[in-house]
Each structure stands twice: as structure tokens, then as C-alpha cells.
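Number of protein chains: 2
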Amino acid sequence: MQAIEYILPDSNKTLEDISLLSSIDKEVLYGSLGDLKIPVSSDAETPFTLATQAVLKLLKSNCIDTKKLDYIIYASSGVNDYQIWSPAAKIQKIINADNAFCFEISNGCNAFMAALHLVNGILNIENPGSALLIMSDTLSKFIDYSETENLHLLSFSDGADAVYIDNYSNKNLLISSALVTDGAYSDVVKLSYGGVFEYNAEKKSNSKYMSVNLPDESRESFYKTLINNYIHVIEKCIVEAKLKTENIKYFLLGRNSQKVLDAVFKYFLVSPDKILTTQLLGHVGSIDVAITLKICLKKSLVHSGDYVLIASTGSGYQRN
Amino acid sequence: MQAIEYILPDSNKTLEDISLLSSIDKEVLYGSLGDLKIPVSSDAETPFTLATQAVLKLLKSNCIDTKKLDYIIYASSGVNDYQIWSPAAKIQKIINADNAFCFEISNGCNAFMAALHLVNGILNIENPGSALLIMSDTLSKFIDYSETENLHLLSFSDGADAVYIDNYSNKNLLISSALVTDGAYSDVVKLSYGGVFEYNAEKKSNSKYMSVNLPDESRESFYKTLINNYIHVIEKCIVEAKLKTENIKYFLLGRNSQKVLDAVFKYFLVSPDKILTTQLLGHVGSIDVAITLKICLKKSLVHSGDYVLIASTGSGYQRN
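Residue numbers (our numbering), protein chains in the order written: chain A, 22 to 341; chain B, 22 to 341.
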């Protein structure tokens, strides 16, 4: 990764705002989510407008020849300004990246990790080249604050990242990556709005918001699976990179609920100051980890030769 | 590619049906699209139900150890049963592919080519493995037959493919691939339904169908760019594979309008019997080329050592 920039909407919601909207006690929210001041998009701010701003910011602060870009990959939770429409191709035109191949990938809040893994596959010694990764999500639009049982959803915020990667230089190398999916829980969160199922049913009014289908009796096994898989990929990644936990300078993790983060800390016996997340910003969809990495680089917390581990629910990787 | 299966809905529309629905003369439709008997989905048939049927058909007729699958990639035009929901993960659970990593890619009707290119990158000598590619689209649901100015859209039909790929064997190898995007035309076709833009505007009733925004004065340059890019990637692909046009036994092409297909035939001086498309079935979204390849293999039209070129609007590749 040669360069990262991110954009967050100006408006925000504090823990107090969320408490008022959800009628959930502020202390209860704090216990589950920590303190929050989450960036939330206005109606005029869409996944595409935020993504475009992040890309233009990246191009302004870095010397990138857009004509030489081989790939523009737009990675997100999958809700775009329109359907059957490519935000990657639209941005290609704006930045004159005439020779790029553009496509979208969806992988929920893990989309950045999935995109990195793919780019590492398609750009290699035999196929050198460059890619622009764009992550953009406005998940707060799809949260019904008055009806959300799953507190973690109340921390969902909005933003966009633009990341430039090439394999001509050896800056911020991806050393190993590991990914896993458990489809048993694929129906836990979904948005009926915009799906074929809703289209057929013609029941549009009831489906504006993400629904959470996690009965109390499944809650424990859901979190157990999530935590086990999280630990599994992080461990696999460290082993594949021929490293040990103590070699990792920082763990940059997606902004999960405190319960999930605590389980990871405990397993790897990492001191809390080695763990970095988006904290106050909440869970910015697929944007979290690239924001934290950018802050980490900007503050010169890492130097040449250092290893950091980057992970979001479902994946992990290292760079030096 | 070790195995391919596909599923088409039982219901269909003939050229006569489309003529009645669109009030466009049958001869005019025939001149632009050729004869048609297109499979169209019922309300109960969704991208996910068709995809699942295709996958189960693939597993029934081939010996595939689903526990050993490394990737499940769902590639389509991007409209799923729900949003923020992974059809790939849902299918993972159904087929017990416990060790797979699942995600979606969107690349319009070129999604199969994009997925093949990615799989060829992530599965390599250093990272051997296997992938299940699933293509599924029900684009006919989004066509307003009474309002469609672009005749090509009237040939859009529904279906799903399942393709198994590993790099342990050397059956049906991908030798080269080439892809290009021109974002200048990214707004030509889009579906407001389900997009954030529509969500904000709250204007749901007017946006059930794909809109085509191709003014008469842009039509010529649009087709010129499309045809030039199509020829460019096919040629690039043949050159990269160190082959000549006469080495290619068959050209398996997406079901474009006759105008686009004719331009390709003429440029490469290929005799019409070497060109295979889905013909009567119309343009089955991202499903076209895998259907034609399956039919080609089933009829033993190709043998060990043969080269075929597979291309859809925007990409091409060869296999032996």
C-alpha cells in the first residue's frame, strides 16, 4: 500500500444522541460500545459522493499517474447509489484512468480485507501493476435507531477510503492473509430494501432498515463462532508470515463490540496500547481499518521493518 | 474449469410475446435480435433460488469435495434477493463448504470473465486451491417492455451457472485474459430501485425498471467504443496467448445485438460457424458464455489441445 486517504461526513451523532433516539440508557450503550461520536451522512452524501471525495483527496496529496492504473476496485457492503451501475467505472471517468479495469466486490464490513487479498493475487511478479481500492459505506442510513435490538448496529457510521497499491515498490507489503466465512449466520443481518425478494413482494414500506435475526438462544453461539473465526484467521496469518505475536507492533482491528475486541486481546495476550481501532468514530463499515492504518502512518507510529496486523471480522493480514 | 452446469427457468417469452408487450414490429425485433425464446423467471424464482439449483446440479453430476473448496465467488450484475446479504455465504452453508471464503463481485454482464480473471490470480503455483464460481441474474424482471427504447434490453433473460475450478488438474486451462472498462458510459444503464439515491428521494414507484440514458447523438459513439474495446481485448488476449486467430477453434461470445456480433466477425474474418452464442435463449446476463461453453463441451465440439476464445462485452480469454 503506497497511499491512503479517507473522508468522513461532517455531521455526527454522539452517544447521547444515540441514547435519545434508541431510548437505551447511555450507560448501557457505553458499556457495550464505549464512547462514540460517529460521522453520519446527510441525504446528499451517498456512497458514491464520499468515495469520489476520498479518491480526489488521494490524488491531490500523492503523485499517482491515473493513466497507468490497471484496476479500480470498489469494495463495500454492496449498497450503491443505483443498482446495475458501477461506481468504480463512474470514478474511472472522473479521474481519467483510461486503461483500468473496474469492478465491485461486496463482503460486508470485511470488504477491504477481501479486496487486499484479491489485489495481492492479481498483482504479482508475472503481472506487475497498480490498483486503486475504494471502500465506501453509509450504513447509518439503514439503521432504525428506535427498533435495533443489536446494540453493535447503533455504532455504524459512514465514510470512504481510497487506497493506492502497486507492486513496483516494496512499501507497506502484504506478507500474508487469511480469510474464512461461516455461512450459518448469513441471514442474521440483511436489508430487504432493494432486493428481488422485496421487489416481488411489493412490500417496500416495511423494509427500509437492516433487519437483525438473532434469537436469544443463538446469540451465544453466534458470538462464539465470530470470535473463534477471528482468532483463527489472525493466528493463521501470523503463522504464515513466520512471525510471533510479539513481533507485531500494532493490531489494527475493525471497530467491533467491546466483547469481541476483549476476546481477541485476551487470547493473544496483547497489551491494550498495542490495539488500535476507530474508537470514537464507531464502526465505519468496510472503512475502519484503512482509517486506523492511515492515522498510524501519519503519526509515525510504525517505521520501516515494523509489522502490523490488520483485521476485520473475518480476516487478518500483516505488512512490514 | 473442471465442471459447468446451468439452470434456466421453465417459463419463456418468444419473439411474438416480446413484440406484443413492446408494440414493436416482430420483423424489426428479428432484424436487431434474431429469433428468441428467452427463459424468464417467475416471482418465486430469484437470483438465489436459481443459483442454488445450478450449484446442486453441479454437485450431483460431479465428484466435488465441498469441504476442500477455498473460495465461493458469486458473480453477477449485483441485484440479489436482499442487500447487505451474501448469497455466496448462504450457499456455503447449504453445501457444507466449511472452509471456503465467500464473497460477491459485480461486473454487469461481464461478471463471469471478471471472476475467472480473479480466480486465475488468487489460485496459482504458490497458492493451489479450488473455487466455485456462481453466476446468477434475473434481469428480465427489471425490463419495462412497454417503454424500452434500446431493443437489446428486450433480449435479456434469466438463469444461473455454477462452475468448478481448481488448479490441481490442467483441464480447460485459462491461458490469457484481457479486460478493459470505459467509464464514459457508466450512466447509460442503471436501476434506481434499491439504490441510496432512490432511498433518499423516496420516489420508489417510478424506478422499478432499468433506465437507459443513451441520447441519439451518443448512440453511434457508444457502439463504436463498445465494439473497439471488444475487438481490443479479444486481440490482446490472442496475442498474449501467443496464438493467431486461425488457432482458435471456436469463439464463444456473449449474446450481444447482431450489430456488435457482426462487427467482431468481420474484424477477425471468422466464419459464422465458428461463432457460438446463446442464440434463442437471448442475453442471460452474466450467464451467457458459461452456457455456451457447457453446450460446446457436452457436444464434444472441442477436444484436448483445442483453443477456444470466450468473451463478453468488455473481456476475452482462451482455454485449451
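Heads up, a few of these hints could be off.
Lysine-lysine pairs mimicking DSSO-like chemistry, simulated, CA-CA at most 27 Å apart [unchecked claim]:
(1) A/K88 to B/K229
(2) B/K320 to B/K270
(3) B/K320 to B/K78
(4) B/K114 to A/K280
(5) A/K78 to A/K257
(6) A/K89 to B/K245
(7) B/K245 to B/K287
(8) A/K257 to B/K88
(9) B/K257 to A/K114
(10) A/K192 to A/K245
(11) A/K257 to A/K58
(12) A/K257 to B/K114
(13) B/K229 to A/K229
Going by beta-carbon spacing under 7 Å, a handful of chain A positions derived as facing chain B [to be verified]:
(14) N101
(15) D102
(16) Y103
(17) V209
For the record, the hints were derived by calculation from the structure and aren't laboratory data. Built from N, CA and C at the ideal position, the CB exists for glycine as well.
Structure-based check of each hint:
1. For the suggested pair A/K88 and B/K229, the alpha carbons sit about 37 Å apart, so the restraint of at most 27 Å is broken.
2. Distance restraint check for B/K320 and B/K270: the Cα-Cα separation of roughly 14 Å lies within the 27 Å cut-off, and the hinted pair is therefore satisfied.
3. Distance restraint check for B/K320 and B/K78: the Cα-Cα separation of roughly 18 Å lies within the 27 Å cut-off, and the hinted pair is therefore satisfied.
4. For the proposed pair B/K114 and A/K280, the alpha carbon gap of about 26 Å is at most 27 Å, so the pair holds.
5. In summary, the hint linking A/K78 to A/K257 is not supported, as the alpha carbons are separated by about 35 Å, beyond the 27 Å threshold.
6. A C-alpha spacing of about 23 Å is found between A/K89 and B/K245, which places the hinted pair at or below 27 Å, so the restraint holds.
7. Using a Cα cut-off of 27 Å, the hinted pair B/K245 and B/K287 holds, with the two alpha carbons roughly 14 Å apart.
8. For a cut-off of 27 Å, the pair hint linking A/K257 to B/K88 stands: about 18 Å separates their Cα positions.
9. Under the criterion of a C-alpha separation no larger than 27 Å, the hint pairing B/K257 with A/K114 is consistent with the structure, at around 22 Å.
10. At most 27 Å may separate the alpha-carbon atoms for a hinted pair to count; A/K192 and A/K245 exceed this at roughly 36 Å.
11. For a cut-off of 27 Å, the pair hint linking A/K257 to A/K58 is broken: about 34 Å separates their Cα positions.
12. A hinted pair counts as satisfied when its Cα atoms are at most 27 Å apart, and A/K257 with B/K114 qualifies at roughly 22 Å.
13. Under the criterion of a C-alpha separation no larger than 27 Å, the hint pairing B/K229 with A/K229 is consistent with the structure, at around 16 Å.
14. Taking 7 Å as the C-beta cut-off, the interface hint given for A/N101 holds, the closest approach to chain B being about 6 Å.
15. Given the 7 Å rule on beta carbons, the hint for A/D102 holds: about 5 Å separates it from the nearest Cβ of chain B.
16. With a least beta-carbon distance of about 4 Å to chain B, the hint placing A/Y103 at the interface is held under the 7 Å criterion.
17. The interface hint given for A/V209 is violated, since its Cβ lies 10 Å from the closest Cβ of chain B, which is over the 7 Å cut-off.
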